[in-house]
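Colleague: Those protein sequences? They're chains A and B, same order as listed.
Be aware that the first sequence starts at 980, since it is given in my numbering, and climbs by one per residue.
Be aware that the second sequence starts at 980, since it is given in my numbering, and climbs by one per residue.
Hints listed in this document are in silico derivations from the structure and should not be mistaken for laboratory results.
Keep in mind the model is a prediction, meaning the values are calculated, not measured.
One or more of the hints may lead you astray.
Note: identical chains are not told apart, hence a pair may lie in one copy or across any two.
As the list claims (entries may be wrong) - Below, simulated SDA-like cross-link-like pairs (lysine to any residue); rule was C-alpha separation at most 20 Å, straight line: (1) Lys1011 / Pro998; (2) Lys1075 / Ser1251; (3) Lys1248 / Ser1099; (4) Lys1401 / Gly1023; (5) Lys1401 / Arg1285; (6) Lys1135 / Asp1056; (7) Lys1191 / Arg1253; (8) Lys1403 / Gly1389; (9) Lys1369 / Gly1024; (10) Lys983 / Leu1001; (11) Lys1075 / Ser1099; (12) Lys1248 / Val1379; (13) Lys1011 / Asp999; (14) Lys1310 / Ile1331; (15) Lys1075 / Leu1254; (16) Lys1310 / Arg1323; (17) Lys983 / Leu1018; (18) Lys1075 / Gly1106; (19) Lys1075 / Ala1100.
Number of protein chains: 2
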Amino acid sequence: MGQKPITFFRQVLALCSYPDLLEDSKFPEDAKSRARRILQACGGGSLGAYSTSQGIEIIRQDVARYIERRDGGIPCDPDNIYLSIGASDAIVTMLKLLVSGEGMSRTGVMISIPQYPLYSAALAELGAVQISYYLEEDNCWSLDINELRRALQEAKKHCSPRALCIINPGNPTGQVQSRQCIEDVIRFAATENLFLMSDEVYQDNVYADGCKFHSFKKVLFEMGPEYSEKVELASFHSTSKCYMGECGFRGGYMEVVNLDPEVKVQLTKLVSVRLCPPVPGQALLDVVVNPPQPDEPSYDTFIKERTETLATLAEKANMTQEILNQVPGIKCNPVQGAMYSFPRIHLPPKAILEAKVESACTQFNLISVLFMDISKGEKGQSPDMFYCMKLLEETGICLVPGSGFGQRDGTYHFRMTILPSKEKLKIVLAKIKEFHQHFTDQYS
Amino acid sequence: MGQKPITFFRQVLALCSYPDLLEDSKFPEDAKSRARRILQACGGGSLGAYSTSQGIEIIRQDVARYIERRDGGIPCDPDNIYLSIGASDAIVTMLKLLVSGEGMSRTGVMISIPQYPLYSAALAELGAVQISYYLEEDNCWSLDINELRRALQEAKKHCSPRALCIINPGNPTGQVQSRQCIEDVIRFAATENLFLMSDEVYQDNVYADGCKFHSFKKVLFEMGPEYSEKVELASFHSTSKCYMGECGFRGGYMEVVNLDPEVKVQLTKLVSVRLCPPVPGQALLDVVVNPPQPDEPSYDTFIKERTETLATLAEKANMTQEILNQVPGIKCNPVQGAMYSFPRIHLPPKAILEAKVESACTQFNLISVLFMDISKGEKGQSPDMFYCMKLLEETGICLVPGSGFGQRDGTYHFRMTILPSKEKLKIVLAKIKEFHQHFTDQYS
């Protein structure tokens, strides 16, 4: 998408990959000292050796110090840190550990709708019960405790709710949770004895005025021992988002809080099956949590690159919302954080019908399908998929339909990333605007 | 373990990590051209972008060409290649896809005993039925079709056998399967309608005279269409073993043959949950399957490094077997391939008793344990674990007891890697010899 990698990170990775470069005067001293420190902590001084399954110890220590700085000094034990293959790996691992039982006692896991499809896919794979709670679109995709309550009460009739997943800042919905809301969620989890899983991979991606990222860990500990000694929490972070955007390296970590020591033994056993997270990703994570300091030679460049990337993202978040809201029939909440807008689109009844007709006919098998093809070419798709396919055909722009993330019945959305360059994004938005008007006319 | 990385591989990785180095005259042209080619195939020309879930297309093409060269020209379709996070990830994914059913219809998977514990762990996690077939220790850990038959017949009484796993060259047992034996296995799989999973991560690690690596794919296709168009096969390879030894990068691939197209769709869906294999590991795999050619500047160094590593491993394989077989009470099969010896150890009855006493007592809970501790300090361990713990305490040498891999009742083994340097290995072997004699005296 054109987001430039941070120079310092890539220098350290090159030095770690090919340590002969440590003699090269072109590399700054701080990059060399980071690389030396990482290599010393690797088996045989090489990225090529397996690490322990939980991750390299000094990197877990660096992650713990990073979390302590982020959370205003609340202590973090490196033994509670598990390095992972991106955040997805840790999320799936944690879910694996939580899911059990059969029938009424089968584990239920609460996830937001709209959600990031990793959750529904992992729950389906594990045979867990998905408990959907809806975010409030009319209130900027915020989380309403009453909706959590409703979803939980209903779920208790047919499964055993055990965990509550939160994505903050939100994917695909881009909201940033208020501190008050996080407190409410923690109280709810404490009362209902739910394991909290907080997906915080967009923690540096906060753009809107008045919004601030609060980690669940920090709020939990500031609520006092009644909560901080009781509520079980796993939080997740990764090198793939924020100003880093290094998805390909598959670096990440999970912090667990209040995990029963015997369960922790099982967790360690479980992660050992995959031997270890990729060591280059671990090395990258180390420099992410331990970046250049003000007295180091790479500091100025690092700050400049990071600031530029985040400032551009903020600009694009704002631009996306502004332009989309100019289109009659599109309503877009502010993109407070993360990397996506998730606007609601009004689809004319005729378009909805045309999309659905074949869907209803699929039960009459191939003959109906052939008939449909011959007679009218209607598509058996959800209406927002139909819309996105038309957009793709007409403009070459690929958006993900809201039905891939879940949405309230009868509402339609798409997810659009704010990652393309400003120039490209402007063109894309103009084309979507034009397409939407044309589409509306065509089906009205 | 002191095995040096291949210079060319690390140069390409450094170039890919920090493409500014492409301007650096210190890097050879062939390393630069490989790096450029890989980067061009990456999203945005960067290792930091997600790849497709199946893996970068040109790398899958390179893997396919590698397999064709290895197998004497038998065609390989890049669409049948799935890049993975080391081999373990692909093995677990394939097992996931194969396992289903409940009770009598629950999927059974045949694995060799001794086995690499990834298999038993993955089967336990998936709730599959493990069907153990024993390798013939007296015949150099070879695979006997009659034993396969016995295990299968017995298993059919309580589950639905669906897959047969082979590790060749063997881990932990170091045997290399003969071509005849592979043919027999393929015929058996065809008759019994079993899905073949062949773990071939040690395919370059063959040391013994008269032994040669034959891929299951090659043998399958040479047996003619009766088999090559029918038997389902997944074979696995990785960047972690052989002369590369780059475990930390978690690179690997799986080739599937005769997989039902609809199942392939599900496989692609399944791997998409983990987004993509780490891109640095994919890049490394690309140079492993596409190393320097005779007319390229890095060729001589590459060949020298590879030959040295493999020759040293062969020497150490031989030395290990020779020295261990000099010890009365230790019997070691030739290490034909892979990276381990798995010698049988004779343990005096008194040692077996001492190891087991507490084991029998654990059912009487904590009080007995305390009593045992106070009275004699006996250990509740399998006898070979007891042996290995004693060795660790007395010498600092860490071996893995045979019970971790499975062994015939009443036999005891340990697994020992041949990876340490010749000098170190010699010292280790001398210490084991001394320890074994001392241990035998002590408990006789």
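Colleague: Confirm or reject each hint.
Modeller: The hints, checked one at a time:
{"no.": "1", "hint": "Lys1011 / Pro998", "result": "both (9 Å within a copy, 17 Å between copies)"}
{"no.": "2", "hint": "Lys1075 / Ser1251", "result": "both (14 Å within a copy, 18 Å between copies)"}
{"no.": "3", "hint": "Lys1248 / Ser1099", "result": "between (25 Å within a copy, 13 Å between copies)"}
{"no.": "4", "hint": "Lys1401 / Gly1023", "result": "between (45 Å within a copy, 16 Å between copies)"}
{"no.": "5", "hint": "Lys1401 / Arg1285", "result": "within (17 Å within a copy, 49 Å between copies)"}
{"no.": "6", "hint": "Lys1135 / Asp1056", "result": "neither (35 Å within a copy, 49 Å between copies)"}
{"no.": "7", "hint": "Lys1191 / Arg1253", "result": "neither (36 Å within a copy, 29 Å between copies)"}
{"no.": "8", "hint": "Lys1403 / Gly1389", "result": "neither (32 Å within a copy, 71 Å between copies)"}
{"no.": "9", "hint": "Lys1369 / Gly1024", "result": "neither (54 Å within a copy, 29 Å between copies)"}
{"no.": "10", "hint": "Lys983 / Leu1001", "result": "between (24 Å within a copy, 17 Å between copies)"}
{"no.": "11", "hint": "Lys1075 / Ser1099", "result": "both (13 Å within a copy, 17 Å between copies)"}
{"no.": "12", "hint": "Lys1248 / Val1379", "result": "between (37 Å within a copy, 17 Å between copies)"}
{"no.": "13", "hint": "Lys1011 / Asp999", "result": "both (11 Å within a copy, 16 Å between copies)"}
{"no.": "14", "hint": "Lys1310 / Ile1331", "result": "within (18 Å within a copy, 75 Å between copies)"}
{"no.": "15", "hint": "Lys1075 / Leu1254", "result": "both (17 Å within a copy, 18 Å between copies)"}
{"no.": "16", "hint": "Lys1310 / Arg1323", "result": "within (5 Å within a copy, 72 Å between copies)"}
{"no.": "17", "hint": "Lys983 / Leu1018", "result": "between (25 Å within a copy, 14 Å between copies)"}
{"no.": "18", "hint": "Lys1075 / Gly1106", "result": "both (10 Å within a copy, 13 Å between copies)"}
{"no.": "19", "hint": "Lys1075 / Ala1100", "result": "both (12 Å within a copy, 14 Å between copies)"}
In summary, the numbered hints that this structure violates are 6, 7, 8, 9.
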